[in-house]
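Trainee: Construct all of the structure, not just a fragment, from the sequences and the given hints.
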Amino acid sequence: MVDTGVDGNVPQLRGGKVLAGIDTTRPGKAPANTDCFGHGTFVAGIIAASPTDGTGYAGVAPGVRILPIRCATTDTPNQPGSLTPEGMALGIRAAVDGGAHVVNVSASTTEQVPELADAIAYAESKDVVVVASAANSAKKGDPVTYPAAYPSVVAVGAVNEAGQRAEFSQTGPFLSLVAPGVDVLGLGPGGPGHWKGSGTSYSAPFVTGTAALVRAYHPQLTAAQVKRRLLTTANHPAVPLPDPGLGWGTVNPMAAVTTVLPGEKAVSPVVVHPPDARRGELSPSDQAGPVLAVAAVVGGLCVVLALVLLTRLYSAGRRRRWSPARVVEIPQPTNGTPGH
Numbered sequence: 048m049v050d051t052g053v054d055g056n057v058p059q060l061r062g063g064k065v066l067a068g069i070d071t072t073r074p075g076k077a078p079a080n081t082d083c084f085g086h087g088t089f090v091a092g093i094i095a096a097s098p099t100d101g102t103g104y105a106g107v108a109p110g111v112r113i114l115p116i117r118c119a120t121t122d123t124p125n126q127p128g129s130l131t132p133e134g135m136a137l138g139i140r141a142a143v144d145g146g147a148h149v150v151n152v153s154a155s156t157t158e159q160v161p162e163l164a165d166a167i168a169y170a171e172s173k174d175v176v177v178v179a180s181a182a183n184s185a186k187k188g189d190p191v192t193y194p195a196a197y198p199s200v201v202a203v204g205a206v207n208e209a210g211q212r213a214e215f216s217q218t219g220p221f222l223s224l225v226a227p228g229v230d231v232l233g234l235g236p237g238g239p240g241h242w243k244g245s246g247t248s249y250s251a252p253f254v255t256g257t258a259a260l261v262r263a264y265h266p267q268l269t270a271a272q273v274k275r276r277l278l279t280t281a282n283h284p285a286v287p288l289p290d291p292g293l294g295w296g297t298v299n300p301m302a303a304v305t306t307v308l309p310g311e312k313a314v315s316p317v318v319v320h321p322p323d324a325r326r327g328e329l330s331p332s333d334q335a336g337p338v339l340a341v342a343a344v345v346g347g348l349c350v351v352l353a354l355v356l357l358t359r360l361y362s363a364g365r366r367r368r369w370s371p372a373r374v375v376e377i378p379q380p381t382n383g384t385p386g387h
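Numbering-wise, our numbering comes out as the position in the sequence shown, counting from 1, plus 47.
Keep in mind that the hints were calculated from the coordinates and are not lab data.
Warning: the hint list may mix true and false statements.
[What the hints assert, rightly or not] Okay, the calculated beta carbon distance ranges per label pair: (1) LYS187 <-> GLU162: 36 to 42 Å; (2) THR305 <-> PRO58: 29 to 35 Å; (3) ASP100 <-> PRO190: 43 to 49 Å; (4) LEU288 <-> GLY238: 41 to 47 Å; (5) THR305 <-> ALA77: 37 to 43 Å; (6) VAL191 <-> LEU288: 18 to 24 Å; (7) ASP189 <-> PRO266: 35 to 41 Å.
It should be emphasised that the depicted structure is a prediction, and the values quoted were computed from it without experimental measurement.
Glycine included, every Cβ here is placed at the ideal spot set by N, Cα and C.
Mentor: Structure below.
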């Protein structure tokens, strides 16, 4: 996770789940498995928190490993870190070079700088899925944000418990998907407690966790095919698609892993043996390799409030009577990269 770091001592992230990582803000590439501010730990929990006694909270993909790469930092608790577009680009490159198969960027900028565009192109050339938050400035002119707006990136907006677009969530033709982003529950650093928050920063890791599951169970898929699968299997709203506020719909983890898409053979996916999450152990060889949540923080990026994943999935399942979501075929562009 390229962020403020990730606290590897939080109970639901123990057991070797959080690697030492790299702090790109300090000379000598010091480790990044600590977190003063807490943003990185919060995002990491949404992706990878292990189930444990005494809480119903768990991440989308609790079997993945987190490689923290700190590119935003603060030495003052509860104060936001600072990050430049160039720093974000450095973090993305470090994530790719560190072996990431999926990179989460819970940060945004309105500046188009060559370094950031080149970093996204570098990730694409290495067959890495990049998931980015769309940002929270819908009421401030709704500007185009990066890296979310780059064509190969999975751009994620936020919805509330009713499945409606969060009022702060950015809109535009670049939007790929939406995920829970209002009243989100996450892990806090320094102990067993949980924090609450709202923002597209916390929507993106739901999609990142789903992408990690897809890459684990369908390792033959390219990054572009993973993106197309996420868009195709989403819970699609009853409006022309893509919708500027909802993209192709709300991410659906089960459908993303299990659906047989048009033109695909109904072959069995790779069998992945989940770790014993209650002991915090990882399998000797993770099918997906290290998954990086690149969650770089921009000052003021996150609106603070809260959300519980299980509640959202339960509500969505009840509405459909637990039947699979309908599949919408996503047009395949000539360059092989699905559109937003």
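Trainee: So, for every hint listed, does it hold in this structure?
Mentor: Hint-by-hint comparison with the structure:
{"no.": "1", "hint": "LYS187 <-> GLU162: 36 to 42 Å", "verdict": "violated (25 Å)"}
{"no.": "2", "hint": "THR305 <-> PRO58: 29 to 35 Å", "verdict": "holds (31 Å)"}
{"no.": "3", "hint": "ASP100 <-> PRO190: 43 to 49 Å", "verdict": "holds (45 Å)"}
{"no.": "4", "hint": "LEU288 <-> GLY238: 41 to 47 Å", "verdict": "holds (43 Å)"}
{"no.": "5", "hint": "THR305 <-> ALA77: 37 to 43 Å", "verdict": "holds (41 Å)"}
{"no.": "6", "hint": "VAL191 <-> LEU288: 18 to 24 Å", "verdict": "holds (20 Å)"}
{"no.": "7", "hint": "ASP189 <-> PRO266: 35 to 41 Å", "verdict": "holds (38 Å)"}
Of the hints listed earlier, the one the structure fails to meet is number 1.
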